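Chemist: Take these sequences, add in the hints, and give me the full structure.
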Amino acid sequence: MQATHPSSAPGGRPRLAATSRRLGERAIIGTLALAAGISVLVTVGIVIALLVPSIEFFAEISPAEFFGTATWAPLFEPPAFGVIPLIVGTLSTTLWACLICLPLGLGTAIYLSEYARPRVRQTVKPILEVLAGIPTVVLGYFALTVLTPTLRTLGWEVEIFNAFSAGVIIGVLLLPTVASLSEDAMTAVPRSLREGSFGLGANRFQVSTRVVVPAAISGIIASFVLAVSRAIGETTIVLLAAGQLARTSFWPGDSVMTMTAFIAGTGSGDVPTGSIEYKTIFAVGLTLFVITLILNIISIRLVRRFREVYE
Amino acid sequence: MNAASRIAADHAGRAVNRQLAGRRNRSLAATIFLLYLLLSTAIGLIALAVLLVTILQDGLPYLDVMLFENAPSANPDRAGARPAIIASVLVAVVLLATALPIAIGTAVYLEEFAPRDSRIIRLIELNIQNLAAVPSIIFGILGLAFLVRGLDLGPVLLAGALILGLQMLPTVIIAAREALRAVPDTVRQGGMALGATRWQVVWREVLPAAIPGIATGSILGMSRAIGETAPLLMVGAATFVSFNPGLLTQYTVLPILIYQWIKLPQDAFQGLAAAAIIVLLVILVTMNGFAIWLRNRYERKW
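Going down the list, the protein sequences come from chains A and B.
When the letters of the first sequence are read in order and numbered with our numbering, they come out as residues 746 to 1056.
When the letters of the second sequence are read in order and numbered with our numbering, they come out as residues 4 to 305.
Incorrect hints may appear among the rest.
[Stated by the list, open to error] Some chain A residues close to chain B (C-beta under 10 Å, calculated; not the full set):
# : residue
1 : S784
2 : L857
3 : V883
4 : T890
5 : P921
6 : R949
7 : F950
8 : S974
9 : G978
[To be verified] Rough simulated footprint, nothing fancy, chain A against chain B, three-plus residues with beta-carbon under 8 Å:
#  : region
10 : 39–45
11 : 54–66
12 : 113–126
13 : 197–203
14 : 279–288
[Stated by the list, open to error] What the simulated footprint calls covered on chain B by chain A, stretch by stretch (three residues with Cβ under 8 Å from a Cβ of chain A suffice, anywhere in the stretch; the number is not a length):
#  : region
15 : 130–144
16 : 148–159
17 : 168–175
18 : 223–236
19 : 260–274
Honestly, the hints are just simulated from the structure, not real lab data.
Computed from a prediction, not measured in an experiment: that's the story for all the values here.
Note that CB positions come from ideal geometry on N, CA and C, so glycine has one too.
Modeler: And the structure:
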């Protein structure tokens, strides 16, 4: 733990360290350290849970077939294990989610940070927090029973389950996240930069777009990357609103199956432990985990960078 | 400069900025940009309003005593959510007893005791940040592999609650660390100067001062967990349960029941789903409201 060894006072200097060993205190601190270790164990557990069955899976199904073919039918006879349809399905819903949450989240952030009066800000921010706290099953209900029928009433012949409705609602879910993290990044930009710019005669639009946004760009991009990662990992909304049909289609009105929908759909059934169908859950899970891990680390690094510059 | 006067100065500065900005070259681009900002902000708010109004419209006709008294049933006229509501409460109790102490212990260790520049500590911090963004379904896989099949616990409430607890850890740890960090060092130094040990300082001075912030973060984390669906699908909370669940029995929680009702073809079940959503939202809003009240009532400005 800490370097407070009572005996390590060289050359007759007074001993400043604690005079008793305080075993009870050490035990408490040790317990706390153990608690901190649990979060590491969780990650280790996740990696083991994913890797072991995946290795067995790839011993039977070659990675070339898994990543290189475009038919996904692990539960059919004969089975096919090409993950491309699931990845395309995921990209399709993620694309619509991003088209909603990135521009609107950034717009909200700029408004709240640069334009809104304090009272407006104090009102809008908690309301957006409420939106961020709505359970995903509620948003899935909304996508399936409100948005999709509305699209059909408007004359767009989408399927009952479709990538567009699911994606748009994921976008609504993530809008507050992007807004809040981007706003944090912009608030961290020192006021002197804005004042310098105003002093040179710039208006609010110019200050926002040419000073604040560029200065906060790494934090903004970090929020974007995190949103992409969250959209890829979202499960309940896609299960309810995008369907369970694995096909390689980018058409927004089509029903697709995402990686997460496959995992949840198959994992909630009763596939026998140890079967190849059971192992597919973990192979797809590993693929999902690696993709989101890379995105998360990029996002964490970017946040650190803007913190280093301004804090 | 203390926090209050800094905020005041900031507001004054913003007001001046606003006046200055109002007078200068207001171009077409600036107007369009402002419209975009207003539209962005409005869309989030409108989406929330439409969502709530729809849920109320769909669900209120189905919101009755039966929903709280009856068990789920294939007959929508008799179907209720009692076992699911009980299970959600039980899950909350398990979270309180397991994940919360671990999360707060972790936060206390990292903020108060861990060596600042140790590589291991940095790794733990990076790990927690990453865990916070791991998709919830991955936690479901963890539960499936280790608890349900590995330990052969089966699809029981305890397994689901433990998985939600692990998923909740990073959120609460991050919030609790922020609360601890907000307690100024002078408090710690004062305690130490009077001869208290580090743990005495933490237990008697720092933790009491940080409790409002920690409680707020904990409640928000728990409300997230109670509204969570995806990982529980993996650990077997997918069966219709007609009895009152215990820790080691099969179970269904409110979000799972809602999920199942949405998937049923009859319109009446859609209404029941909306009614159950109202119950769930009322629980979550109450929890969040309590958290915000705690923050406003007890948070100290240093």
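Chemist: Mind listing which of the numbered hints don't hold for this structure, in increasing order?
Modeler: none
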